[in-house]
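Novice: So the protein lines, in turn, are chains A and B.
Per numbering that gives the first Met the number 0, residue 0 is the first one in the first sequence, and the count goes up by one each step.
Per numbering that gives the first Met the number 0, residue 0 is the first one in the second sequence, and the count goes up by one each step.
Please keep in mind that the hints were generated in silico from the structure rather than gathered at the bench.
We treat Cβ as the ideally placed atom computed from N, Cα and C, and that holds for glycine.
Check the hints yourself; a few may be wrong.
[What the hints assert, rightly or not] If the Cβ cut is set under 8 angstroms, some of the chain A residues that face chain B in the computed set are:
no. : residue
1   : GLN50
2   : SER91
3   : ASP95
4   : SER100
5   : ILE102
6   : ASP140
7   : ASP142
8   : GLY187
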Amino acid sequence: MYFSETIKPLHMKAIILSLMLLLPKVIHAQVSEGYKSSIAFNLGYQKNYLQDILFSPLNQNGGGLALGLGYERRTQHIFGVCISFSSGDLKSGENDHFTSSYINANLGLEYLMNIAHQSESTKFYLGGVYNTRVLFYDWSDLDAFSFTSAHGISLKGMAIKKINDKNSLRTSLALPVLQFLGRPPYNGIDEFIIENQDEPAKIIFSGNLTSLNKYSGIEWKLGYTHHLSPRLKWDIHNTLLFQKVKEINDSKSLSNTISTGLTFKL
Amino acid sequence: MALLLALFSACEEIFLREDEPDTPTNNFEIFWNDLDQHYSLFEVRNIDWHNLYKIYRPQVNDEISSDELWTIMTEMMENLDDSHTTLFDGNFSYKAGYAVNEQSIAEFDGDLIIDQYLEFHHFVSSEDNLSYGKLKEKNIGYIYLGSMGGQKPSVIDKIINELEQYNAIILDVRQNTGGDDRYSARIAKAFSDGEHLIYSVETRNGVNHGDFDNKNFYYSGFNPSISYNKPVIVLADRKTISAGEVFLLYMKSFAHVTQIGDTTAGDFSTVSNMRFLPNGWTYLYSIQKFLLPNGESLDGIGHIPEVYVRNSQADINSKKDIVLEEAVEYLFDQYQIE
Chain A
0 MYFSETIKPL HMKAIILSLM LLLPKVIHAQ VSEGYKSSIA FNLGYQKNYL QDILFSPLNQ
60 NGGGLALGLG YERRTQHIFG VCISFSSGDL KSGENDHFTS SYINANLGLE YLMNIAHQSE
120 STKFYLGGVY NTRVLFYDWS DLDAFSFTSA HGISLKGMAI KKINDKNSLR TSLALPVLQF
180 LGRPPYNGID EFIIENQDEP AKIIFSGNLT SLNKYSGIEW KLGYTHHLSP RLKWDIHNTL
240 LFQKVKEIND SKSLSNTIST GLTFKL
Chain B
0 MALLLALFSA CEEIFLREDE PDTPTNNFEI FWNDLDQHYS LFEVRNIDWH NLYKIYRPQV
60 NDEISSDELW TIMTEMMENL DDSHTTLFDG NFSYKAGYAV NEQSIAEFDG DLIIDQYLEF
120 HHFVSSEDNL SYGKLKEKNI GYIYLGSMGG QKPSVIDKII NELEQYNAII LDVRQNTGGD
180 DRYSARIAKA FSDGEHLIYS VETRNGVNHG DFDNKNFYYS GFNPSISYNK PVIVLADRKT
240 ISAGEVFLLY MKSFAHVTQI GDTTAGDFST VSNMRFLPNG WTYLYSIQKF LLPNGESLDG
300 IGHIPEVYVR NSQADINSKK DIVLEEAVEY LFDQYQIE
């Protein structure tokens with residue numbers, strides 16, 4: 000059987016996108032200094048470097064547009080939900096001979112507690128984040144494909160430095176500790192994938208519970224915020240994400256997203 | 000931000016290893032090792048892959064041309080005799096053991112059948128290569144199924160409804176190069192005489208040639224209200240491949256089905272994802288083994304017909320399909336159907 004002849008090429012992408020877009024209120028985990036509730040929109044560019052032996056022995060690199068949307072509620076502590084999505088091309092081989100496409104999507108839900116004994120101008124937070132991350136890439140309408148999906152808990156720390164009444168800086172670091180990890184099987188395809196090829200969500204969201212022994216990563220964010228008006232802020236931020244899956248077919252991905260956007264007070 | 004970008008570039012160097020060099024030796028090594036670790040049929044086809052390395056690896060060095068590397072690699076592949084193992088250079092492809100399958104292209108002419116043998120003939124527009132009709136002056140229906148890549152296999156029920164009035168059906172799957180095994184199963188269901196264990200599938204899942212996951216078992220479907228159980232002749236040839244052969248696994252388990260024609264290709268497995276080499280070539284290979292209920296494999300063997308017959312080029316040139324004529328004769332001899 001020729002798997003690639005029969006799988007619906009756009010299903011995988013459509014399902015991932017739908018899952019992300021159909022989720023209810025989405026929020027971004029950026030700190031909305033001074034706002035109790037806020038919603039944020041971001042637009043940027045994501046650059047990816049990728050090694051996945053299961054997909055190809057060749058390193059992949061490329062990028063594409065990145066979108067982010069978020070909601071945050073801030074009292075003494077911070078509750079936030081965010082969704083981000085990026086799609087673009089990955090090049091590989093001599094003279095970038097091969098072009099694959101990728102989708103990188105993330106849904107995050109976080110609760111960060113204000114740590115006591117801090118100064119007025121600098122605040123520290125510590126808490127947990129639930130993430131659903133899906134990195135999916137394919138070549139020539141699924142003639143080749145692979146993915147890493149990770150759903151789980153990370154520890155996160157964040158610091159906010161208020162420069163003055165209008166400007167602030169913030170940075171955060173998240174480390175995954177427990178994940179439900181989804182990866183293709185040893186040979187990329189098996190009977191489970193063949194039988195469920197019309198239900199790609201079932202494939203991407205199947206997996207095993209794993210911890211640092213198999214999945215490790217780090218997400219570092221750095222951002223700058225400027226108050227444009229009492230109800231509107233402009234921010235620019237950089238997000239660096241490294242993920243590594245350690246198995247027979249190792250994979251590593253490194254993505255960097257530079258984006259800018261507006262945050263509205265609700 | 001410039002600092003961040005610089006840092007990011009540095010991270011790339013730290014976290015990702017160097018890219019694979021594009022040299023003939025490295026391209027050969029990647030290809031050989033990939034098959035060594037993932038190809039599924041070394042044991043079934045009795046291939047000593049490590050011995051082939053000893054034969055072909057010394058022929059490769061970094062001074063040879065791309066054409067020379069192509070020749071060495073395709074000659075090594077040919078030992079697999081598995082048309083699911085394919086090498087592409089961007090313009091041309093090479094399928095292992097495919098030459099004999101390709102010969103059969105000249106032994107079949109669909110237009111000839113329509114013009115010379117059919118009283119009426121309808122194409123099913125929704126499907127990839129499906130048509131049906133009735134043989135001239137015979138009480139025999141005819142179905143041609145050239146692909147298992149259609150989208151709506153249940154259309155076969157409608158066809159069976161129309162052909163049910165005839166005393167036999169000739170089901171022609173010559174030149175059927177496959178598609179979706181589920182499509183094969185659904186078409187076969189329209190001819191099923193019961194729920195039987197048809198085959199099992201194991202996918203290679205480890206570095207050793209004998210590493211496979213658990214068997215998945217496949218059974219024939221059966222709906223007694225929509226099933227054609229009068230005599231059925233399946234016509235097959237060397238280019239009946241993959242899901243086309245899986246279709247025959249089902250059909251040949253039914254008591255009222257007879258295979259006439261040539262032996263099929265003997266290539267059953269699902270193919271891998273496309274694989275990549277630094278020089279821009281791509282390739283595919285088999286990743287599974289299909290086993291009959293008794294544990295035997297038809298990979299490398301194919302379905303052997305009950306009645307062996309092939310068209311020659313001369314037959315086709317003289318507007319004759321002797322395979323089809325043999326099927327008609329068989330129906331008369333065995334069942335007195337004409």
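Novice: Are the hints correct? Go through all of them and say.
Specialist: Results for each hint:
1. GLN50: holds, 5 angstroms
2. SER91: holds, 7 angstroms
3. ASP95: violated, 10 angstroms
4. SER100: This hint is violated: SER100 of chain A lies away from chain B, its Cβ roughly 14 angstroms from the closest one there, beyond 8 angstroms.
5. ILE102: violated, 17 angstroms
6. ASP140: violated, 11 angstroms
7. ASP142: holds, 4 angstroms
8. GLY187: OK, holds: GLY187 of chain A within 8 angstroms of chain B, min 4 angstroms.
When the structure is compared with the earlier hints, violations turn up for hints 3, 4, 5 and 6 and for no others.
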